[in-house]
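Those protein sequences? They're chains A and B, same order as listed. With the working numbering applied, the first sequence corresponds to residues 1 to 533, in that order. With the working numbering applied, the second sequence corresponds to residues 1 to 236, in that order.
Each hint should be verified, as a subset may be incorrect.
[Said to hold, decoys possible] Computed cross-link-like contacts, DSS-like style, restricted to lysine-lysine with a CA-CA straight-line distance of at most 25 Å:
| no. | chain 1 | residue 1 | chain 2 | residue 2 |
| --- | --- | --- | --- | --- |
| 1 | A | K381 | A | K285 |
| 2 | B | K14 | B | K138 |
| 3 | B | K138 | A | K381 |
| 4 | B | K3 | B | K66 |
| 5 | A | K525 | B | K66 |
| 6 | B | K124 | A | K285 |
| 7 | A | K98 | A | K7 |
| 8 | A | K8 | A | K98 |
| 9 | A | K304 | B | K124 |
| 10 | B | K66 | A | K381 |
| 11 | B | K215 | B | K3 |
| 12 | A | K285 | A | K304 |
| 13 | B | K3 | B | K206 |
| 14 | B | K206 | B | K220 |
| 15 | B | K26 | B | K215 |
| 16 | B | K138 | A | K282 |
| 17 | A | K381 | B | K3 |
| 18 | B | K66 | A | K524 |
| 19 | B | K15 | B | K197 |
| 20 | A | K285 | B | K3 |
| 21 | A | K454 | B | K66 |
| 22 | B | K197 | B | K215 |
| 23 | A | K304 | B | K138 |
| 24 | A | K8 | A | K285 |
| 25 | A | K454 | A | K30 |
| 26 | A | K282 | B | K124 |
| 27 | B | K138 | A | K98 |
| 28 | A | K381 | B | K26 |
[What the hints assert, rightly or not] Here are some chain A residues pointing at chain B (derived, C-beta under 7 Å):
| no. | residue |
| --- | --- |
| 29 | R111 |
| 30 | R288 |
| 31 | R301 |
| 32 | H305 |
| 33 | N382 |
Since the hints were derived computationally from the structure, they do not count as laboratory data. For every residue, glycine included, the Cβ atom is placed at its ideal position computed from N, Cα and C.
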Amino acid sequence: MIKALFKKQMLEVFSYLFMTNKKKTRRTGKALAYTLVLYGFLFAYLCVMLFFMARFLCEALVPLGLTWFYFAIMALMSLVMGIIGSVFNTYTTLYQAKDNDTLLAMPIPPRYILLVRLAGVYVSGLFFELLVMLPATVAWFMYGEVTALGAIFAVLLPFVLSFFVLSLSCLLGLLVAAIAARIRHKSLVITLLSLGFLALYFWGYSKLMSSLTDLMTVLGDIAQRVKGPLFLFYHMGRAAEGEALSMLIFTGIVLGIFLLIYLLLSHSFLTLATTNRGAARKAYKRERTAQRSVGRALLVRELKHFASSSVYMLNCGLGALMLPLMGIMLLIFKDDVRAMLPLFEAMLGGADVIYLLFAAFVCMMTSMIDLTAPSVSLEGKNIWIVQSLPVEPRRVLYAKLLLHLLIGVPAALVAAVCLLIAISPSLPFLILIPLAMLLFLLFIALFGLFMNLKAPNLSWANETVPVKQSMSVTVTLFGGWVLTAALGALYVPLHGHVAPALYLALVCLLLAGACTALFLWIRKKGAEIFATL
Amino acid sequence: MLKIEHLTKCYGEKKAVDDLSLHIQKGEICAFIGHNGAGKTTAIKSVCGILRFDAGEIYIDGISVKENPLAAKQLIAYIPDNPDLYDFMTGIGYLNFVADIFGVDAAARNERIHRFADMLELTKDLAQPISAYSHGMKQKLAIISALVHEPRLLVMDEPFVGLDPKAAHLLKELMREMCREGTAIFFSTHVLEVAEKLCDKVAIIKGGKLIRAGKMEEVKGDTSLEAVFLELEGEQ
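Bound-form chain A, shown alone (with noise of 0.2 Å):
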């Protein structure tokens, strides 16, 4: 039984690698090889990233007998990624999963539905802790002391350290799953509940960061005095040096802390997945309803399910959050990035070309909002009403393009102004700048629906499906980074030739092109795409 739905579990979690998503059926070979080629070079190019900052650590670290730190200051940044993933679809995971009921009425016990929904949540959570455990090990690996049994051990320890990523996201799902069974905005509790925990963390490993300034200084007795807090990640770098003892205690630890949480959900599960007590029912008043324009309607419509859903808004929209956060903390910092600006332009080699690498950045900040990559999927099952209604397919889309650029733009704007003001470029970049911010946020939302139409889910059991594991999310998020890092690259070799500012205005250029293109094939394929799905 409990094999069968594992099997059921993984294919649910691995269901965008394996089956096509318009019809369910299986790939083929080959679309098969393009999608794991795809998704393969995603995960190399975040590793290949994530790498250099790995090796820089290995070689300052390792020489100094501070191995442990190493592996500790990598675990703690992997559990940052693996929390990422894996804590906005906890709650969604284990207790709001379509099939909860399906599975409830088998003779099936709870604990095992739950066991089966954590080893979704564990395999979401590892994707993302791989991507800096990986590099890191590997890093071990080229610049470390390994010895045999270290080697095994650095091996096993993501996977471990997995098991405390998962305790964690539940902890958390715990905590929202208990105040959602009472209230009626569960939505909004969940978003603020879980932007907190992550305010919480960051402030956390920010301030072992700022510990880590010091560490070229004082190393040996930094490590020391936060040897003790991070006992645990003591004994996983302990372990990784071939420590077989501090691999027991390492593992034991967090296996326990994981077995403790299983049998803490497991006591709550059935309840919490069954209940929807003391949300206050709202009284029905006769009131008389404005009518809408279809577009205000389809927007609206929009909007509701974007503000109704935790998953789609933390997941597609943080980055609406992010960008002003960012711009407030430039502005808070200025003097300091002011202060940096004439190292980074003898550094670079040119007064503006600091200036690109501005606009590079907040770009890639900007492809963190993708509102539309998921928004076809997200029809799922209700797509009939769109389909059947008198509405041209094209509104809906254009809808769906509103949503994220009504979300997008305000952020992406203080974002830009708080932005200028702390770096005050120079004329053309102060036109240039939001400019591209703002062609690379519609490139975005363009670009998230095209990926999405050629690539659609409407069968999930829960929105975690089409908004965290889907191809056109992911090659939306990635895409735009990677696209970022290759417009900036593409400045090497044209360094010295041609002025930072006209470059920006040709990289402007090409994002305005490529978002006519991307407008004009909605507009016509992909609105036939629509109708007929």
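Chain B: place on chain A using the hints.
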């Protein structure tokens, strides 16, 4: 009002609907019956412009569904067999959304929503999110949303599934009243007694082909619709 001419719809090699022709006049109620997988839902979805078909034509009051789907849909209301509605909306929010799309003005929609919601005893639940609705409540909401723009053709797929006896009775009354006002109704059902009592016409589909269609009295003759259906089902 509804004219289906040689409708053919294939899924790959399989013909789900095969050369189906059927006419329904204004004010007529036509039952569409057939075993599971006979092609009823495919035909119904083609009529409503949800599915594109491979051959044939469908006209709603003379408007081609293929050539002018928006104008055709403006005249239709569709209620699916499983009312998957927007869980993120309230009942009243959903009804207003549908009314907005059909361009129903404020006064008319308010009057209709409240008239039908009162009739189906759903008024007090209209402010609740649809996610809190039972299957039957969703079905009632789908029915109200179908009536809010006064359609000329009402197309329903298994409309009585999930309704309580009182709501089912009210729906039948509504259907009769709409017919008196000239609306044509085309619906699939497995409840042959209801079809027999309620409908002017019946169409029986088997393996995608229309095997019998006509006035109810002509099709069933001296026997019951059930007897005719079972006899036709038994034939190769």
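Here is how each hint holds up against the structure:
1. Restraint check for K381/A and K285/A: not satisfied, since their Cα atoms lie roughly 30 Å apart, outside the 25 Å limit.
2. Restraint check: the Cα-Cα separation between K14/B and K138/B comes to about 33 Å, which exceeds 25 Å; the hinted pair is violated.
3. A threshold of 25 Å between alpha carbons decides the hint, and for K138/B with K381/A the separation of about 14 Å falls inside it, so the pair holds.
4. A C-alpha spacing of about 13 Å is found between K3/B and K66/B, which places the hinted pair at or below 25 Å, so the restraint holds.
5. A C-alpha spacing of about 17 Å is found between K525/A and K66/B, which places the hinted pair at or below 25 Å, so the restraint holds.
6. Among the hinted pairs, K124/B with K285/A is consistent with the structure: their alpha-carbon atoms are about 8 Å apart, no more than 25 Å.
7. As the CA atoms of K98/A and K7/A are separated by approximately 17 Å, the hinted pair is consistent with the 25 Å bound.
8. For the hint linking K8/A to K98/A, the alpha-carbon distance of about 13 Å falls within 25 Å, and the restraint holds.
9. Between the alpha carbons of K304/A and K124/B the distance comes to roughly 22 Å, so the proposed pair stays at or under 25 Å and holds.
10. With a C-alpha separation of about 23 Å, the suggested pair K66/B and K381/A falls inside the 25 Å cut-off, and the hint holds.
11. A threshold of 25 Å between alpha carbons decides the hint, and for K215/B with K3/B the separation of about 16 Å falls inside it, so the pair holds.
12. The hinted pair formed by K285/A and K304/A meets the criterion: a straight-line CA distance of about 20 Å does not exceed 25 Å.
13. With a CA separation close to 19 Å, the supplied pair K3/B and K206/B stays within the 25 Å bound.
14. This hinted pair checks out: K206/B and K220/B have alpha carbons roughly 17 Å apart, not beyond 25 Å.
15. Taking the CA atoms of K26/B and K215/B, the gap is near 14 Å; set against the 25 Å cutoff, the hint holds.
16. Straight-line distance between C-alpha atoms of K138/B and K282/A comes to about 18 Å, which keeps the hinted pair within the 25 Å bound.
17. The straight-line distance between the Cα atoms of K381/A and K3/B is roughly 28 Å, outside the 25 Å bound, and the hint therefore fails.
18. Our distance criterion of 25 Å between C-alpha atoms is met by K66/B and K524/A, whose separation comes to about 17 Å.
19. For the hint pairing K15/B with K197/B, the CA-to-CA distance comes to about 32 Å; that exceeds 25 Å, so the pair is violated.
20. Our distance criterion of 25 Å between C-alpha atoms is broken by K285/A and K3/B, whose separation comes to about 42 Å.
21. Simply put, K454/A and K66/B have alpha-carbon atoms about 24 Å apart, close enough for the 25 Å limit, and the pair holds.
22. With a C-alpha separation of about 12 Å, the suggested pairing of K197/B with K215/B holds against the 25 Å cut-off.
23. A threshold of 25 Å between alpha carbons decides the hint, and for K304/A with K138/B the separation of about 19 Å falls inside it, so the pair holds.
24. Restraint check for K8/A and K285/A: the C-alpha separation of about 45 Å exceeds 25 Å, so the hint is violated.
25. As the CA atoms of K454/A and K30/A are separated by approximately 17 Å, the hinted pair is consistent with the 25 Å bound.
26. At roughly 9 Å between alpha-carbon atoms, K282/A and K124/B fall within 25 Å of each other, so this suggested pair holds.
27. Distance check on the hinted pair: K138/B and K98/A sit about 17 Å apart at the alpha-carbon level, within 25 Å; holds.
28. Restraint check for K381/A and K26/B: not satisfied, since their Cα atoms lie roughly 32 Å apart, outside the 25 Å limit.
29. Given the 7 Å rule on beta carbons, the hint for R111/A is violated: about 26 Å separates it from the nearest Cβ of chain B.
30. Look at R288/A: its Cβ gets to within about 5 Å of chain B, closer than 7 Å, so that hint holds up.
31. Residue-level restraint check for R301/A holds (minimum Cβ-Cβ distance to chain B is 6 Å; threshold 7 Å).
32. Annotation: interface hint on H305/A holds; nearest CB of chain B at approximately 5 Å, less than 7 Å.
33. Hint status for N382/A: holds, given a least beta-carbon distance of 5 Å to chain B, under 7 Å.
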